[in-house]
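Chains as they are written, first to last, in the numbering used here: chain D, 1489 to 1666; chain R, 1489 to 1666.
Simulated from the structure, these hints should not be mistaken for laboratory data.
One or more hints might be untrue.
[As the list claims (entries may be wrong)] Some chain D residues close to chain R (C-beta under 8 Å, calculated; not the full set):
{"id": "1", "residue": "Tyr1502"}
{"id": "2", "residue": "Cys1516"}
{"id": "3", "residue": "Leu1518"}
{"id": "4", "residue": "Ala1521"}
{"id": "5", "residue": "Val1523"}
{"id": "6", "residue": "Ala1525"}
{"id": "7", "residue": "Pro1528"}
{"id": "8", "residue": "Gly1607"}
Owing to the predicted nature of the structure, the values given are computational and were not obtained by experimental measurement.
All C-beta atoms in this analysis are idealised placements derived from N, C-alpha and C, irrespective of residue type, glycine included.
Listed here are the chains, written in short residue letters.
Protein chains: 2
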Amino acid sequence: MGVVTKEQLSGMGYEDFIKIFGNVIEHCALCSAAVWAKRPFNDLKQLHSAICTFIDDLPKIGREGILRLHPDLAGRIAEMGKLTSESSKEQLSAGLNEITNKEKSILQSLNDRYKSKFGFPFVICARENKKQAILSGIKARVENDKDVELATGIAEVKKIAFYRLLDIIEHCEEEARL
Amino acid sequence: MGVVTKEQLSGMGYEDFIKIFGNVIEHCALCSAAVWAKRPFNDLKQLHSAICTFIDDLPKIGREGILRLHPDLAGRIAEMGKLTSESSKEQLSAGLNEITNKEKSILQSLNDRYKSKFGFPFVICARENKKQAILSGIKARVENDKDVELATGIAEVKKIAFYRLLDIIEHCEEEARL
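So that you can see chain D by itself, here it is in the shape it has in the complex (with noise of 0.2 Å):
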């Protein structure tokens, strides 16, 4: 359950509204910041659908923006304790905090050439993904072309955003669904 009810979601002020909602897209504060034109929101769908509108409706180098936005999965700033709160709990949940030294390193060398290749870092759903999800995903994904890797880059952080609203914004079952 989260922590703002419907009422307050659909009442609250600009203020409020960016402080409590500004890093549901990592680092990307301008996503609710421009949503906000399409208020009021009645429920977290209603409010997760205007993000991923925005999102869409970007130049391209704006959705790559988005990604580049994002950190390393294991990497350096999460090594140095510098991830944002939301994305040290979802590292934490796909069990990254329990990866070996040989998967980090695989991951990493992964990392660098998926990001050398397309120039943008591999982003993907930790929530949903545990640690061996992960490495196979990024093993598959660094294969693809780049648009396509743009696509599910970005498909991923929409699913990203949707569980930070459902921390958020209280909820019942049936929207609990993506």
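Dock chain R against chain D, hints included.
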């Protein structure tokens, strides 16, 4: 003189790029993350131009969102000392630290009227406007219609970005003119 030479700019990796240029547009790292796709940049005008084009290509609610991510002039965030270092310096250069209580109350009440009319705050390039020009500017601009103010606010955002880039990148006299 800036701290980044043109050679450093054109050869810069993404991690340094986003750390150094992430707040050229206030609280909107996406602008810099997106234009990374347009590298290399040989000078500040090329980088500024790429950022401006990206902003122009955003959906309208994205340009509104960019304005919303800006703090109020001499507003509550400034009072709490929570401005970004860039905004703090800019508001200082406009003399907003020497604003009288009466002027502050006029500015805040005009800004409240402005925000409630347009759904985004009054944005002006504080490096080019002193206190009196800001006060007369908001008094005149609050009477405009929303499309005019969206365009005017975004033009000011681009000027602010130019000055922020001038602070960062080494430049010649020629480039220092907008």
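We went through each hint and held it up to the structure:
The beta carbon of Tyr1502(D) is positioned within 8 Å of a beta carbon in chain R (closest approach about 7 Å), and the interface hint is therefore held. For the restraint placing Cys1516(D) at the interface with chain R, the shortest Cβ-Cβ distance is roughly 5 Å, inside the 8 Å limit, so the hint holds. This hint holds: Leu1518(D) has a C-beta 5 Å from the nearest C-beta of chain R, less than the 8 Å allowed. Checking Ala1521(D) against chain R by beta carbon gives a least distance of about 4 Å; that is within 8 Å, so the hint holds.
Against a cut-off of 8 Å between C-beta atoms, the interface hint on Val1523(D) holds, since the closest Cβ of chain R lies about 7 Å away. About 4 Å separates the beta-carbon of Ala1525(D) from the nearest beta-carbon of chain R, less than 8 Å, and the hint is met. Violation of the interface hint for Pro1528(D) is found here, the shortest Cβ-Cβ separation to chain R being roughly 13 Å, above the 8 Å cut-off. The beta carbon of Gly1607(D) is positioned within 8 Å of a beta carbon in chain R (closest approach about 7 Å), and the interface hint is therefore held.
Figure legend: structure checked against the earlier numbered hints; the only hint not met is number 7.
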